[in-house]
Amino acid sequence: MAKIRCRELGEIDPRDAEQVEMPEGLIGFERHHSFLLCEHEEYEPFRWLVSMADPDLAFALADPGYFVREAYHLTLNEMDMDLLDLKEGDPLEVLVIVSIDEKTGWVVGDLKGPIIVNRRSGLARQILVYSARHSARQPMRLMKEPGEEGGRFETTVRIVDRRVA
Amino acid sequence: MLILTRKLGENIRIGERIRIVILDIKGGQVKLGIDAPPDVAVHREEIYERIREENRRAANVSSRTLREAAQIIQKSRPTQKPSD
Chain A
1 MAKIRCRELG EIDPRDAEQV EMPEGLIGFE RHHSFLLCEH EEYEPFRWLV
51 SMADPDLAFA LADPGYFVRE AYHLTLNEMD MDLLDLKEGD PLEVLVIVSI
101 DEKTGWVVGD LKGPIIVNRR SGLARQILVY SARHSARQPM RLMKEPGEEG
151 GRFETTVRIV DRRVA
Chain B
166 MLILTRKLGE NIRIGERIRI VILDIKGGQV KLGIDAPPDV AVHREEIYER
216 IREENRRAAN VSSRTLREAA QIIQKSRPTQ KPSD
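Chains as they are written, first to last, in our numbering: chain A, 1 to 165; chain B, 166 to 249.
The hints are simulated quantities; they were obtained by calculation from the structure and are not laboratory data. Here a beta-carbon is modelled for each residue, glycine too, at the ideal position from N, C-alpha and C. Accuracy of the hints is not assured; some may be wrong.
List time: in silico SDA-like cross-link candidates among lysine to any residue, alpha-carbon distance up to 25 Å [what the hints assert, rightly or not]:
hint: 1; chain 1: A; residue 1: 103; chain 2: B; residue 2: 230
hint: 2; chain 1: B; residue 1: 240; chain 2: A; residue 2: 74
hint: 3; chain 1: A; residue 1: 87; chain 2: B; residue 2: 202
hint: 4; chain 1: A; residue 1: 87; chain 2: B; residue 2: 217
hint: 5; chain 1: B; residue 1: 240; chain 2: A; residue 2: 81
hint: 6; chain 1: B; residue 1: 240; chain 2: A; residue 2: 128
hint: 7; chain 1: B; residue 1: 196; chain 2: A; residue 2: 158
hint: 8; chain 1: A; residue 1: 103; chain 2: B; residue 2: 226
hint: 9; chain 1: A; residue 1: 3; chain 2: A; residue 2: 158
hint: 10; chain 1: A; residue 1: 103; chain 2: B; residue 2: 227
hint: 11; chain 1: B; residue 1: 240; chain 2: A; residue 2: 29
hint: 12; chain 1: A; residue 1: 103; chain 2: A; residue 2: 81
hint: 13; chain 1: B; residue 1: 240; chain 2: A; residue 2: 158
hint: 14; chain 1: B; residue 1: 240; chain 2: A; residue 2: 9
hint: 15; chain 1: B; residue 1: 240; chain 2: A; residue 2: 87
hint: 16; chain 1: B; residue 1: 172; chain 2: B; residue 2: 185
hint: 17; chain 1: B; residue 1: 240; chain 2: A; residue 2: 52
hint: 18; chain 1: B; residue 1: 196; chain 2: A; residue 2: 154
hint: 19; chain 1: A; residue 1: 103; chain 2: B; residue 2: 185
hint: 20; chain 1: A; residue 1: 3; chain 2: B; residue 2: 202
hint: 21; chain 1: A; residue 1: 103; chain 2: A; residue 2: 87
hint: 22; chain 1: B; residue 1: 191; chain 2: B; residue 2: 181
hint: 23; chain 1: A; residue 1: 103; chain 2: B; residue 2: 224
hint: 24; chain 1: A; residue 1: 103; chain 2: B; residue 2: 221
hint: 25; chain 1: A; residue 1: 3; chain 2: B; residue 2: 240
hint: 26; chain 1: A; residue 1: 103; chain 2: B; residue 2: 196
hint: 27; chain 1: A; residue 1: 3; chain 2: B; residue 2: 227
hint: 28; chain 1: B; residue 1: 196; chain 2: B; residue 2: 210
hint: 29; chain 1: B; residue 1: 196; chain 2: A; residue 2: 74
hint: 30; chain 1: B; residue 1: 196; chain 2: A; residue 2: 142
hint: 31; chain 1: A; residue 1: 103; chain 2: B; residue 2: 212
Here are the simulated distance ranges between beta carbons [unchecked claim]:
hint: 32; chain 1: A; residue 1: 101; chain 2: B; residue 2: 175; range: 20 to 30 Å
hint: 33; chain 1: B; residue 1: 202; chain 2: A; residue 2: 89; range: 20 to 30 Å
hint: 34; chain 1: B; residue 1: 194; chain 2: A; residue 2: 5; range: 42 to 52 Å
hint: 35; chain 1: B; residue 1: 170; chain 2: A; residue 2: 13; range: 35 to 45 Å
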């Protein structure tokens, strides 16, 4: 597979990255279905989701643990499960899209629109979180050890076997 | 806009692949069931719009600023990762 050139990251060899398929695309970017999930040492702990159709379209992602102030419980419905081809025991990863708030300059994470990746099938979907507890622009904080005051909170994914939205 | 009146339990069919069922009507709320193929995303509109706006903002994130932020994080905790 040929290398692709991304404005933000330079040249990427698809063999160095994980390929992720998003059958619906991201909300507002429905025409982009194939992405590379790239890790770059200098951006750690951020990762990049780069569209293969247009490599200049790149999203920064991070573990929601950097943003949440309380347990982050997500629920997948039957439609999510179909789209992710989710089977029992599949390794799931939750990532949030990261941006810079232009008013404050803070690094913020979108806890209302996390991306769920099924690492077995390589399928991913952006789901919506309706809970008012979580913000679409939650400022990042520096992590401490788990269990310490202000420490990290768990992300859990619950699955319901009926269609709810 | 096409406006239809439906009773409880009646359906609306949009094309061959989308069906909307009126499941319950209570107070000012209507509960809908939606059958749609997986390539048709179904969402509540207000949050959908919000996330679309956030995604558009995030698509223009500055890699330089993020690299600076990453360096601050790396310096503050050189060995620890959140996933460890």
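Checked against the structure, which of the hints given earlier come out wrong? Violated: hints 2, 4, 5, 6, 9, 11, 12, 13, 15, 17, 18, 19, 20, 21, 22, 25, 26, 30, 32 and 35.
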